[in-house]
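A.B. asks: As you go down the protein sequences, you meet chains F and H in turn.
Quick note on UniProt numbering: the first sequence kicks off at 1 and runs consecutively.
Quick note on UniProt numbering: the second sequence kicks off at 1 and runs consecutively.
Treat the hints as calculated values from the structure; they're not laboratory data.
Among the clues, some could well be false.
Stated by the list, open to error - Listed next, the in silico DSSO-like pairs over lysine-lysine satisfying Cα-Cα at most 27 Å (straight line):
1) H:LYS387 x H:LYS336
2) H:LYS528 x H:LYS364
3) H:LYS610 x F:LYS42
4) H:LYS492 x H:LYS711
5) H:LYS562 x F:LYS42
6) H:LYS100 x F:LYS42
7) H:LYS610 x H:LYS528
8) H:LYS364 x H:LYS387
9) H:LYS728 x H:LYS841
What the hints assert, rightly or not - So the derived label-pair ranges between C-beta atoms look like this:
10) H:ILE341 x F:LYS97: 18 to 26 Å
11) F:VAL125 x H:LYS336: 53 to 61 Å
12) F:ARG52 x H:HIS450: 31 to 39 Å
13) H:ILE341 x F:ARG52: 23 to 31 Å
14) F:ASP69 x H:LEU310: 54 to 62 Å
15) H:SER332 x F:ARG52: 19 to 27 Å
16) H:GLY349 x F:VAL125: 49 to 57 Å
17) H:GLN612 x F:GLN75: 25 to 33 Å
18) H:SER449 x F:ARG52: 50 to 58 Å
Just so you know, even glycine gets a beta-carbon here, dropped at the ideal spot from N, CA and C.
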Amino acid sequence: MPAGGSEQYIVSRLGSERHAINIRDIEEIIKMQHITAVPNSKPFIRGVINLRGRIVPVISMCRRFGISDTPADAQSRIVVVRYRQEAMGVIVDAVEKVTSFEEIEPPLEDHDTVGGKYIEGIGQVTDGMISILNIQRLFGDGESYEGCDKG
Amino acid sequence: MNDFYNSEYLGVFLDEMDEQLQCLDESLLILENSGSHLETIQKIFRAAHTLKGSSAVMGFKQLNRLTHQMESVFELIRGGQLSVANELLNILFECIDFIKQLRCSILAGVMEEEDISALMSRLEAIKNSAVSSPVEQEVKPQAPALHILFNSIQKEKIETALADGYEVMAIHIHMAEEESMKYVRAKLVEINLTEHGEIAACYPELELIEQDDLFSGTVVYILITRQGQQDIIQSLKQISQLDSIHIEYITNLNLDTFLEGKEVPGIEKNKGSIRELREPAKAKEITVLPESKVQVPQTVRVDVERLEELLNLVGELIIDNTRLHSIRARLSEQFKNHSDINDLNDIAGHLNTVVSDLQEGMMKTRMLPIEHLFGRFPRMMRDLAQKSNKEIELRIEGKETELDRTLIEEISDPLIHILRNSADHGLELPEERAAMGKPRKGTIVLRASHQGNMIVITIADDGRGIDVEKVKEMALRKGYVTADELAQMTEKELVLLIFRSGISTAQKVTDLSGRGVGMDIVKSHIEKLNGVIDIETTPNEGTVFTIKVPLTLAIIRSLLVKLGTSTFAVPLVNVIEIFRLRNEDILTVQGREVCKFRNQVLPLVRLHRKLQVQTEGDPDKEPLYVVIIGLADKRVCLVVDQTIGNQEIVIKSLGSYIGNVPYLAGATILGDGHVAHILDVRYIIREAGSHYEARLPAASEGETADSQSEKYITFSLSGMDFAVPIRKMKEIVPVPEIHLLASASVYVLGMINLRGLLFPVYDLQSRLGMGDHGLSSSSRILICEVSGHEIGVLVDKVSKVCLLSRAHLEPAPEQLLQNSELLEAIYKDNQQFIHLLNLEKTLNLEPKRKEVG
């Protein structure tokens with residue numbers, strides 16, 4: 001487990017919860033745009049977008065966590081990350097800031113928490129704690145969270 | 001072994017090897033078919049020589065020895081000491097095959113060369129047989145062959161001259177036989193040449209000519225000059241008694257071959273043919289050797305991947321260009337009076353031209369003439385003919401037709417399969433053919449041509465045709481169809497059964513074919529390329545295979561359709577027809593929806609459910625828009641909400657993350673920047689699962705089809721009803737933009753562009769002497785086949801398809817009409833009064849006018 005320090009993270013918001021994504025994984029952050037749904041694909045895949053001529057799949061973090069999609073608004077962003085040499089998008093409700101953590105705690109053992117299995121650790125900041133996302137697991141082929149279909 | 005193995009030269013070497021082998025194959029075939037021509041032998045010789053040279057450079061010793069041996073055999077042929085016999089050719093073909101194999105193993109990374117001793121000894125035997133047999137009686141002793149051999153001083157001189165930008169050429173002069181003062185002539189030439197530059201060397205040396213009785217009459221001057229070969233030839237022509245002049249450029253590349261001691265080709269023996277050439281056209285004197293870089297277009301070898309990247313970029317430009325145009329259109333609307341808008345329009349217009357030129361140019365760089373593929377077939381056919389004891393003539397047409405490089409590779413296997421089938425099953429043995437009154441030699445015609453954005457390849461043989469009975473039997477035995485289904489199938493559908501795996505009409509499995517897997521592979525290959533394959537066969541007259549594939553794989557024209565709020569693209573190659581369907585034409589057969597269309601029953605696919613999109617508005621609204629898609633031999637109807645139009649799209653993958661999704665073949669980016677999915681025609685058709693299109697039993701139509709009636713399509717023109725037989729109809733389309741045609745007949749309205757094909761449109765109204773009523777929303781163009789041409793006729797309204805019984809037909813009242821030829825008959829029944837048009841006569845471009853008082 002990294003001991004925190006110099007690594008920088010982007011803090012995103014999903015509903016009331018905040019998540020952090022390592023800045024090394026991130027290619028860019030774009031505003032919400034038209035997403036073309038891909039029929040018959042995995043349930044957490046929202047669809048594909050056109051990123052300057054590239055077709056980029058976009059997943060919904062909500063659906064991945066098994067909660068219902070929050071309606072897109074002016075704050076909504078697509079965080080484009082690099083996963084297995086391909087660009088992928090993940091929708092978040094908002095992107096708040098760039099931060100670094102003094103200390104990172106291992107995640108809670110309990111996997112029943114919402115999206116628990118995608119959490120790599122918990123970073124401590126002055127005003128609380130932020131779950132650090134594991135991009136590999138978030139996009140990974142592993143079974144999506146069991147409740148995701150209800151989204 | 002050798003440092004070159006992993007070097008970048010290896011690729012170049014292998015490419016060159018391929019070219020030379022192809023050239024050898026072709027030339028040997030010519031040699032076999034039409035005897036030895038000097039030109040062909042020279043070509044073979046050069047190819048073998050090049051192979052020898054490059055294999056030595058690359059360090060392939062065995063290959064070098066083999067090609068050397070081959071070269072010496074060719075040398076003997078060229079010298080006339082060896083006649084071209086069948087056995088000799090077979091050995092040479094085997095050598096070529098061996099080298100081909102070697103090439104493949106090098107490609108696969110195996111650097112060990114195989115044993116060549118067997119081939120070597122056979123070649124040796126051939127060589128010996130030539131020497132021992134007295135061939136040509138030489139009238140006079142042969143002149144020793146000329147050897148050009150630069151000494152170090154000359155070499156240095158030439159190198160510096162080349163470095164300084166001078167041209168260095170070897171000028172071969174052959175003097176007339178009867179010339180008695182050869183030395184003087186040679187001297188004259190020398191003086192003439194010194195006017196143009198410096199003579200670096202001369203073979204043989206002039207002083208020797210005078211004393212040499214055996215002087216062959218050929219002198220080679222090495223000239224360093226700044227002038228072009230034409231100038232020098234012009235100047236030399238002033239000297240009489242020169243039989244031929246022949247210039248070869250010396251460059252840094254071939255300098256070394258001169259250093260080794262290059263033999264001057266023996267022109268002596270073939271003087272006759274050179275003379276013949278000389279008389280009709282002086283210019284023909286210049287024979288250009290391939291070494292000379294004069295007329296060969298300059299080429300650069302480029303990595304295909306790099307081209308691919310560029311093409312992708314062009315694809316993005318196209319998308320942006322389309323987006324720019326939609327924005328431009330919006331802005332022009334908004335700021336009509338702004339002066340910058342005009343500039344914007346100009347720039348956008350220009351950009352559009354440039355981008356489309358760029359696209360076309362990029363596509364062309366990936367295009368290769370299909371010759372690259374067709375070139376392999378004559379040889380294959382020769383072997384097939386020998387193995388099966390048949391006489392086969394392969395005629396190749398349109399080999400200059402260009403298509404995408406990747407396609408050339410992809411289409412090769414299907415073509416080989418079909419050609420083999422045609423040769424092995426299609427064509428009969430010579431005896432059988434003779435007994436049936438056909439020429440002993442079977443003909444297979446391989447033809448390629450462009451048709452819109454597609455390439456059409458046909459393979460036609462004049463053999464026995466496909467035995468439908470046998471196909472039926474096989475299909476039944478394999479359990480693909482039931483006897484009932486068979487009974488309902490048309491001839492055509494039965495023939496198409498041959499594409500099912502395991503169906504073969506061959507009596508026995510041979511080395512060539514007959515296992516029944518061939519056609520199966522052919523079909524899957526063509527489908528992979530988004531292509532369509534069709535068979536036409538006539539017993540004892542032959543079989544024609546028609547393959548249509550898109551020109552390129554990366555950018556395609558597609559039909560955009562709307563389903564709910566989403567847009568989907570259907571490759572235009574697969575779109576057969578678009579029509580509107582009423583709900584009552586939808587039937588349910590075995591739990592599946594099918595629809596009736598032109599007497600065919602086609603499976604109906606409602607994409608909304610499959611693609612999880614909501615239908616807009618009332619799901620039961622009429623009429624439904626239906627797009628018939630086709631792939632290879634199958635047809636399926638798709639229900640869509642709306643057709644938007646056709647557009648060039650760049651095929652993009654959905655990426656490995658999303659992976660394969662049913663019904664989708666990929667995605668593309670539309671003008672508005674949104675992503676649209678490309679429908680996977682192959683998947684949809686496979687799922688729809690109908691491999692044959694059952695004809696409706698006649699009774700279910702509620703009309704008794706007796707032999708005395710025929711189906712007609714009726715339409716109205718100026719309020720009158722007309723009809724033409726439905727068998728002549730191809731399609732009914734709404735009126736698109738009609739492009740005027742200069743100097744067309746008065747009855748031709750212009751041309752229309754239908755999916756990339758041009759059709760002339762005739763104005764029936766004016767042809768029939770009726771007033772012009774203009775276009776309305778119900779106006780349609782009927783595409784029909786008239787005397788072999790596909791043309792369009794403009795009509796006011798298409799009414800319906802109906803059976804017109806012959807009993808109600810009456811001949812046109814000739815005495816009342818200005819031109820009774822236009823009407824075939826008049827149909828009269830109850831309230832109906834329909835004119836039956838004779839389209840052939842009506843649209844005859846030079847109609848005969850019959851004056852009736």
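A.B. asks: For each hint, tell me whether it holds in the structure or not.
C.D. replies: Status of each hint after checking the structure:
1. H:LYS387 x H:LYS336: Since the Cα atoms of LYS387 (chain H) and LYS336 (chain H) sit roughly 75 Å apart, the hinted pair is violated (cutoff 27 Å).
2. H:LYS528 x H:LYS364: holds (22 Å)
3. H:LYS610 x F:LYS42: Roughly 15 Å separates the two Cα atoms, so the pair holds.
4. H:LYS492 x H:LYS711: Since the Cα atoms of LYS492 (chain H) and LYS711 (chain H) sit roughly 20 Å apart, the hinted pair holds (cutoff 27 Å).
5. H:LYS562 x F:LYS42: Roughly 23 Å between the alpha carbons, so the hint for LYS562 (chain H) and LYS42 (chain F) holds.
6. H:LYS100 x F:LYS42: violated (48 Å)
7. H:LYS610 x H:LYS528: The given pair, whose Cα atoms are some 22 Å apart, holds under the 27 Å limit.
8. H:LYS364 x H:LYS387: violated (39 Å)
9. H:LYS728 x H:LYS841: holds (14 Å)
10. H:ILE341 x F:LYS97: 18 to 26 Å: violated (42 Å)
11. F:VAL125 x H:LYS336: 53 to 61 Å: The hint (53 to 61 Å, Cβ to Cβ) holds, given that VAL125 (chain F) and LYS336 (chain H) are roughly 55 Å apart.
12. F:ARG52 x H:HIS450: 31 to 39 Å: holds (34 Å)
13. H:ILE341 x F:ARG52: 23 to 31 Å: holds (26 Å)
14. F:ASP69 x H:LEU310: 54 to 62 Å: Because 40 Å falls outside the window, the suggested range is violated.
15. H:SER332 x F:ARG52: 19 to 27 Å: holds (25 Å)
16. H:GLY349 x F:VAL125: 49 to 57 Å: The hint (49 to 57 Å, Cβ to Cβ) holds, given that GLY349 (chain H) and VAL125 (chain F) are roughly 56 Å apart.
17. H:GLN612 x F:GLN75: 25 to 33 Å: holds (28 Å)
18. H:SER449 x F:ARG52: 50 to 58 Å: Cβ of SER449 (chain H) to Cβ of ARG52 (chain F): about 39 Å, so the range 50 to 58 Å is violated.
Checked against the numbered hints given earlier, the structure breaks hints 1, 6, 8, 10, 14, 18 and satisfies all the rest.
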